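Spelled out, the chains give:
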Amino acid sequence: KQEVTQIPAALSVPEGENLVLNCSFTDSAIYNLQWFRQDPGKGLTSLLLIQSSQREQTSGRLNASLDKSSGRSTLYIAASQPGDSATYLCAVVIQGAQKLVFGQGTRLTINP
Amino acid sequence: GAVVSQHPSWVICKSGTSVKIECRSLDFQATTMFWYRQFPKQSLMLMATSNEGSKATYEQGVEKDKFLINHASLTLSTLTVTSAHPEDSSFYICSARRLAGASYNEQFFGPGTRLTVL
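Residue numbers (our numbering), protein chains in the order written: chain H, 2 to 113; chain U, 381 to 498.
Hint data in this document are derived by calculation from the structure and do not stem from the laboratory.
Please read these numbers as outputs of a predicted model, since none were measured by experiment.
We treat Cβ as the ideally placed atom computed from N, Cα and C, and that holds for glycine.
Looking from chain H toward chain U, a few residues come up when the C-beta cut is under 10 Å (computed):
hint, residue
1, Val-94
2, Val-102
3, Phe-103
4, Gly-106
Just chain H, with the same shape it has in the complex:
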């Protein structure tokens, strides 16, 4: 059974810092991995999608890497801003399945 773990569960940093969020999964046979952002009381916003054949994806200040063999992904946020405060979720799609398996999320707070 695929399990996804996110560390840390919560993170608070001052504005302007670069930071890394971690995601690990137990079964390396994944189809793809997605990083999402969720604001309180809202749905999920897709940030980055990494296909299993890719090593990383970049969008603006965000960079996500994928190491399938070690079952790890990281989300790097450069020059953090208060507007980045949210819960960040990673999720994987298992090969042969359609559904996403989510981690528990990292609650990020950027202090002005």
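Given chain H, work out where chain U should sit, using these hints.
Then chain U, alone, in the frame of chain H:
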């Protein structure tokens, strides 16, 4: 592009009534949509996978007779909570899987529906 809407955004109902939630992909076709439930400060729990033109696939422990899913077109899936009770109060979120374009197989999520059963 890749916008998913949900309606209503929030609903309050009396115990014993049924509530229907709609999920629409606005600018792409989705043969597969997913329904999730989220409790406060917890991650998303997949309830069922909705396939256009066929029966939904429910996750273990989810009552299919209580949570009716219909996926009648390539842009619309509905979740009906039948005979709702207070323990059904939750945040329900749908997603749609995009099968074409640059973001192949990416899932896009709706804004969620807050259900409160009195």
